[in-house]
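Generate coordinates for the entire structure from the input sequences, incorporating the hints supplied.
Protein sequence lines, in the order shown, are assigned to chains G and E.
If you count the first sequence from 1, position 281 lands on 281 in full-length UniProt numbering, and the numbers rise without skipping.
If you count the second sequence from 1, position 5 lands on 5 in full-length UniProt numbering, and the numbers rise without skipping.
Hints are computed from structural coordinates only; laboratory data are not their basis.
Careful, some of the hints might be misleading.
What the hints assert, rightly or not - Short, incomplete list of chain G residues facing chain E, as computed with Cβ under 8 Å:
1) GLY83
2) LEU148
3) LEU152
4) SER163
5) GLY164
6) GLY165
7) SER250
8) VAL251
9) SER253
A quick note: this is a predicted structure, and the numbers were derived from the prediction, not measured.
For each residue, glycine too, the CB sits at the ideal point set by N, CA and C.
Each chain, written out:
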Amino acid sequence: MLRFLGTRLARALLTLVLVVTFAFVVLRLSGDPALLIMSADAPPEAIAAFRRAWGLDDPLWVQYLRYFGAILHGDLGQSMRDGRGAIELVAERVPATLALTLPALLIKIGLGIPAGVYAALHRNSWIDRGVMFLAVAGFTVPSFVLGLLLVLLFAVQLGWLPSGGQESWRHAVLPVITLGMGGAAVLARFTRSAMLEVLGQPYMRTALAKGVPWHVAVRRHALPNAAIPTVTIVGFMVGSLLAGAVVVESVFSWPGVGRLLVVAVSNRDLAVVQCILLLVAATMVTANLVVDLLYGVLDPRLRISAGRT
Amino acid sequence: MIDISRRALLGAGASALVLPRFALAQADNRPTISIAVQKISNSNTLEVLREQSNVGERIFFSSLWEGLIGRAWLDELKTVPLLATEWKRLSDSAIELKLRPGVKFHNGDEMTAEDIAFSFGSSRMFGDTPATAQGRTIPVRGDGIPTRAGRELPPEIPAVARRSWPALERVEVVDKYTVRFHNASPDVTLEGRLARYGSEIISRRAFAEAGTWFDWARKPVTTGPYKVVEFRPDQLLVLEAHDEYWGGRPPLKRIRFIEVPEVPARINMLRSGEVQFACDIPPDQIGAIEGDTKYEVQGGTILNHRISVFNQSHAVLKDPRVRRAMTHALDRQAIVDSLWAGRTVVPKGLQWDYYGDMMVPDWAAPKYDPKEAQNLLKAAGYKGDPIPYRLLNNYYTNQTPTAQVLVEMWKAVGLNVQIEMKENWTQILDRNGERGVYDWSASAPFNDPVSCIVNQFGPNGQAQQVGMWSNEESNRMAVVLETSTDHAERKKAFRRMLEICEREDPVYQVLHQNATFTAKRRDIKWKAAPAFAMEFRANNWGG
Chain G
1 MLRFLGTRLA
11 RALLTLVLVV
21 TFAFVVLRLS
31 GDPALLIMSA
41 DAPPEAIAAF
51 RRAWGLDDPL
61 WVQYLRYFGA
71 ILHGDLGQSM
81 RDGRGAIELV
91 AERVPATLAL
101 TLPALLIKIG
111 LGIPAGVYAA
121 LHRNSWIDRG
131 VMFLAVAGFT
141 VPSFVLGLLL
151 VLLFAVQLGW
161 LPSGGQESWR
171 HAVLPVITLG
181 MGGAAVLARF
191 TRSAMLEVLG
201 QPYMRTALAK
211 GVPWHVAVRR
221 HALPNAAIPT
231 VTIVGFMVGS
241 LLAGAVVVES
251 VFSWPGVGRL
261 LVVAVSNRDL
271 AVVQCILLLV
281 AATMVTANLV
291 VDLLYGVLDP
301 RLRISAGRT
Chain E
1 MIDISRRALL
11 GAGASALVLP
21 RFALAQADNR
31 PTISIAVQKI
41 SNSNTLEVLR
51 EQSNVGERIF
61 FSSLWEGLIG
71 RAWLDELKTV
81 PLLATEWKRL
91 SDSAIELKLR
101 PGVKFHNGDE
111 MTAEDIAFSF
121 GSSRMFGDTP
131 ATAQGRTIPV
141 RGDGIPTRAG
151 RELPPEIPAV
161 ARRSWPALER
171 VEVVDKYTVR
181 FHNASPDVTL
191 EGRLARYGSE
201 IISRRAFAEA
211 GTWFDWARKP
221 VTTGPYKVVE
231 FRPDQLLVLE
241 AHDEYWGGRP
251 PLKRIRFIEV
261 PEVPARINML
271 RSGEVQFACD
281 IPPDQIGAIE
291 GDTKYEVQGG
301 TILNHRISVF
311 NQSHAVLKDP
321 RVRRAMTHAL
331 DRQAIVDSLW
341 AGRTVVPKGL
351 QWDYYGDMMV
361 PDWAAPKYDP
371 KEAQNLLKAA
381 GYKGDPIPYR
391 LLNNYYTNQT
401 PTAQVLVEMW
411 KAVGLNVQIE
421 MKENWTQILD
431 RNGERGVYDW
441 SASAPFNDPV
451 SCIVNQFGPN
461 GQAQQVGMWS
471 NEESNRMAVV
481 LETSTDHAER
491 KKAFRRMLEI
501 CEREDPVYQV
511 LHQNATFTAK
521 RRDIKWKAAP
531 AFAMEFRANN
541 WGG
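Pasting the structure below:
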């Protein structure tokens, strides 16, 4: 088990290093930070002096090592537009984003998994077809379209809910539903497929042939086995808690990490973009690590095989 | 979100006019309004010397910043006394102003001559730049550039300040309520410069007490009718009534500017009642909004022309004939008719009617003449080499569709212009990479050509500061415009600058006059100014 955990941790760290490197290189190639920190009105002498002062004249690899060393010391740099620490700026926005993505995750899980299971257990019934129709619709309609439709209905026509901003819990309702419905649709489809596959397995037939009641066979054998692919999708959703609402935050003018990312990218606010990418990668990597560990819990065969290698 | 009824609106407007000062401490029934805007501030600051933009004008005037001389936003933008009550010329290069007594800053301090001198001093505006700027581009020291956490002026501030005040030598404090502005050279436009965007007054004490320059620029302490209570960059700006305002109690309790980048979202917020105003409405949406009789769209042409700027040193564009061909290839009226539904006009070059006697009435934008454009290209030996065209995605209303139309019109005469979408102004002006043409707009902050053609394309104009263009004769004419007191000579110099900058050695071409449209609830008694500025003082609310 320790080796299993160690391997996964090493992979996670390697992924983070690659993300940091990728972010550094791509952002440096996409524009000169000196021109972004200084105004367009700044004269060339000032820009040259700035490059010297901040070591931007150094070779890229020297800058990279300095940047990497700073990260190891917890220094993620300063925002070029705000003059404040990038981590401070991003941390300010994280609660707003989580205020959308956590309830949305609950909707995804609470709606998507039961719907998928129910549809699979009633395969080819009108309920199955109805659930899958909604799932396909939810899966294929882009979030900005769904968001605007919800705004037109609930904000403009009915006047029940606000259409944008972040003043109260009511402002979060429409973006949470927009985020939640799409994810629930994805989960419903995956859960249904996983359940159908499991329900057709020989061990299910054996269990039923041995006289195990249908609901017991489903609970004891089908659900745990179908959980593995579902957990993978849920893990991915958990991993995108921080950056999974970019479009929805823009549509609803919600000041979260997603909007900060859009603004930071358009202004080449390198430190902020790098900080967000690092946090998103860390969340994703952690979620994947947890999922890997859950695999071992859900399926002992994986745990044993990992222990043997 | 506070919902305001029609009765509350009318009542608040009336009470603002009649309530005596002793009533201020009583229950505050004034409404709070919310305004959805595309952008609050490009620079994430609220400092007039840093945020010199159309969107900045909207949040600054007349709510936050005030100068010694101001503008009547609802009366043809006439210059009017603001923080100064009267002024007189002492000479061609000096002017004396009497300050309005009893003006209080947002921090409660009374405005005195010391604040005026400080506002126009080296610590706040000019750094160590000299007051002899005419005719040459200001050099700005490049060493010792501070971090954004420091108190030092960002290096662009003196450059911007000298663009507005190239030869201001000093401000003399005569007494508590009297100041004299001394210019290093004669200047008939001193009054205009005092009225322009960037010449506003700050509290000396508040500036000194701010921890960093950025702290100051996020919450400037001024004399305006509203003060900053909350500024969340890229999200929200909340202004609150400054009840000690010299012009009387402001009619609104609070003004909230909410940044909503998407047009449909802004319109939806208006229709759902979350905001009372939605700005930056494209002309093609006006009919749909006004289809509901509860709403109306106000606005129209403003003192700003959409232009495109040429890079004189580009391999293809260094031949002025190619630039001239580009100017003749455009059917500007077709753009106005199709993309603006005729709600704006093709102007007579880079000038406005309010220049008055300085206007060159027989001037016009280059004639739409594809044949002439083709002849010029042939004479220049143009072989179809690509010309990069940098622009932002709809920073200006209709910017992207206009650019697409321009490219097709240029293509029709044989020009190979390639759009390069950029994400911010720094990328537009970036000296690295191939610079050909870029989108821009030019304003006239006061009623003299110096405010625009000299300000933008003179020796200290941005085009020259970023190394796009230079013309020795035009620069000489700019100096004449700035320093001569001979009206006829100045007028001649202006015409010559137009000839050079728009025809002979084009640095820009005018596309159309800019226009801005604001959607609002019809029952709110408020009028849009012919400007980006939004007037929210008692004279424009509820009456």
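Status of each hint after checking the structure:
no.: 1; hint: GLY83; in the structure: 3 Å, holds
no.: 2; hint: LEU148; in the structure: 6 Å, holds
no.: 3; hint: LEU152; in the structure: 7 Å, holds
no.: 4; hint: SER163; in the structure: 5 Å, holds
no.: 5; hint: GLY164; in the structure: 6 Å, holds
no.: 6; hint: GLY165; in the structure: 6 Å, holds
no.: 7; hint: SER250; in the structure: 7 Å, holds
no.: 8; hint: VAL251; in the structure: 6 Å, holds
no.: 9; hint: SER253; in the structure: 5 Å, holds
Every hint from the earlier list agrees with this structure, and none is contradicted.
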